[in-house]
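Each chain, letter by letter, is given below.
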Amino acid sequence: MSIIQFDKKQEMLRRTVREFVEKEIVPIATEIDEQDTFPEELFQKMGQMGYNGIFVPREYGGAGMGYTERAILLEEISRHSAGLAMAVMTHHLGVAAILDFGTEEQKKKYLPDLCAGKKIGGLAVTEPSGGSDLMGHQSTGEKIGEDWVLNGRKCFITNSHVADVSVVTVRTGEDAKGRPALSGFIIEKGNEGFAPGHKENKFGLRGSIMGDLNINDCHVSGEALLGQEGKAAKIALSTIGGVGRPGMAAISVGILRACLEESVKFAKERVIYGKPLAKVPAIQSIIAKNRIDYEAGMLLTYQAIGIKDTGERSDTQSAIAKHYTTEAAVLAAKRTIDLMGGYGCVNEYPAGRYLRDAMTTIPSGGTTQIMELVIAGASLA
Amino acid sequence: MKERRILVCIKPVPDPEHYDKIGIDPASKTLVRSGIPAVINPNDKNAIEAALEIREYWGGIVELVSMAPPDAEEKLREGLAMGADKAYLLSDRSFAGSDTLATARVLAAGIAKIGSFDLVITGSESADGGTTNVSPQLGEMLGLPHVCNVESITPQNEEQWQLNVKIEEGYLKVEGPTPMVVGVNDKINTPRYTTVMGIMEAEDKEVVIWSAADLEIDNDKVGLTGSPTQPGDLHEPKLQRAGKLLEGEPEVVVDKLIRLLRQAGVLNA
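The listed protein sequences correspond, in order, to chains Y and W.
The working numbering puts the first sequence at residues 245 to 625.
The working numbering puts the second sequence at residues 68 to 336.
Everything labelled a hint here was simulated from the structure, so no lab data went into it.
Nothing here was measured: the structure is a model prediction, and the numbers come from that model.
There could be a bad hint or two in this list.
List of simulated lysine to any residue pairs, SDA-like, C-alpha gap at most 20 Å [to be verified]:
1) Y/K512 / W/H85
2) Y/K267 / W/P83
3) Y/K252 / W/G150
4) Y/K267 / W/E116
5) W/K233 / W/P222
6) Y/K289 / W/Y260
7) Y/K289 / W/I276
8) W/K272 / Y/Q254
9) Y/K533 / Y/E473
10) Y/K253 / W/P222
11) Y/K289 / W/P222
12) Y/K352 / W/M264
13) Y/K252 / W/R122
14) Y/K252 / W/D138
15) Y/K289 / W/M264
16) Y/K519 / W/Q307
17) Y/K253 / W/Q307
18) Y/K253 / W/K233
19) Y/K253 / W/P295
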């Protein structure tokens, strides 16, 4: 039963992605989590499937679908591996930034390989001073002739150690009001002065590599500048708000569905006091709550993304969807562990991973409290 | 090199993952499939894959043919998304209830209307009926050589196919002329995944829909009236499980267990 009317093409996409996930990702989902490894060969295969550039027009090597289809993709991957979905989601951020703000030459240079699975993308905004505090940027870019010299450090960057093409924001001056003016640059792996640093050991969303990017006297040509000089705050806000947050919501919907399906399966199979757990009213309450959260999260997420696909701004709806789904996923995972009793705490079962993954979705793309600032700001305006 | 025109017969079947929800209507003695999603018969995906591989090597076109209700167009689009070029849906209210013979008759009429071709590939077996009848019946009706349970198809030259056929305890090498009807089994290949690009391209591919009138086929040759197979009485087996606790020392329990298994006919007496 579907609660949202997807069109036939979208339904076919969901079925075909599900088949791919069940055959290619499910067998290695536990290994991805336990070893915190990013499966590069699988990522290349996903590029051939059209997943890596699903929302990119065909002329740039993409599949030519939209953001709703991207959400279906992320939800299906996240149902079994939220960590891998996170890596794909972040790759899409780099792709979207180049697609939305790049010159024709930049799009033709980078997008075909990023879509085909030959290269991995990333977006590096967050610094030790904070992620959502763009005005606190400490990394700098200095223009020398036609070239730029960049310095600074980025942290909590997903795909930091695997990305071939990173979109990086740095401070390049001040605007008329004295506020930092940010500029964006496309930096390729191997560029001298640009290298991954410390790798974080996360407890959730493992398989998406996260760490520092060190920028030390990194020389790039003027052709690396993404968008207009001093206007990269828009790149960061638009990409994170319009692509990142709905992406995190879609990942959380995948976790919510995992909690619902796992709790139903366990409740039907586990016999206690001579009857299946599913017959116990307290267990039914958990199942009901898991379903309510899944369906509500799904509605909010696909509504926000549907708005984006019409070309309208969806920042507020995306913030609402991210707020609701990430927090709900934590509660649903906790309830699923409750339902499973001791089994819920055993790593042979995936419920513990759902909780760790759900917790890790909260700061990604802005914490719950930042979402509340966005939502309240829009409501009070 | 001669390009090949390959026709692939496909059938929508209830998703095998939902077989536990399938029931039997005691009045009509037919399967109750309502609420169960349909999928392309898994073995027919092997047939599509075999055709696509031949096309990739030799060039040509791959066209799908299916006798099914109008909503099966969606399943044909899935086959087109895998990479087939065009599809024909043979759909008419009078086709409902066709057994394998009547089904083969409709498919043969559709294929005759399509015209010339080099090869017809079918799955050897459907996941729902499982009769393995349609492929050979189709070959007979088209007056063409036909082989089932095929595990490899190689164009030997412009006029000849070489087939590897699985038989009990071995294989049979068969050579046959163009055109012919080949039923492939699920060992022949692993069907490819459908790409997102394939889904997008399938939208613009043509699905031709033909009715009984288009096929100029008599109503009494199809559907229930045209089907010699009539199910007799149907009995739904009642599956009951009952636990039996064997107690005592291990040796005693094992003796009891062996005795019970012999009584049940599981072990030889």
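How the hints compare with the structure:
no.: 1; hint: Y/K512 / W/H85; verdict: 16 Å, holds
no.: 2; hint: Y/K267 / W/P83; verdict: 16 Å, holds
no.: 3; hint: Y/K252 / W/G150; verdict: 17 Å, holds
no.: 4; hint: Y/K267 / W/E116; verdict: 17 Å, holds
no.: 5; hint: W/K233 / W/P222; verdict: 18 Å, holds
no.: 6; hint: Y/K289 / W/Y260; verdict: 11 Å, holds
no.: 7; hint: Y/K289 / W/I276; verdict: 36 Å, violated
no.: 8; hint: W/K272 / Y/Q254; verdict: 17 Å, holds
no.: 9; hint: Y/K533 / Y/E473; verdict: 49 Å, violated
no.: 10; hint: Y/K253 / W/P222; verdict: 35 Å, violated
no.: 11; hint: Y/K289 / W/P222; verdict: 30 Å, violated
no.: 12; hint: Y/K352 / W/M264; verdict: 19 Å, holds
no.: 13; hint: Y/K252 / W/R122; verdict: 27 Å, violated
no.: 14; hint: Y/K252 / W/D138; verdict: 11 Å, holds
no.: 15; hint: Y/K289 / W/M264; verdict: 14 Å, holds
no.: 16; hint: Y/K519 / W/Q307; verdict: 17 Å, holds
no.: 17; hint: Y/K253 / W/Q307; verdict: 43 Å, violated
no.: 18; hint: Y/K253 / W/K233; verdict: 38 Å, violated
no.: 19; hint: Y/K253 / W/P295; verdict: 39 Å, violated
Going down the numbered hints, you'll see the structure goes against 7, 9, 10, 11, 13, 17, 18, 19, while the others check out.
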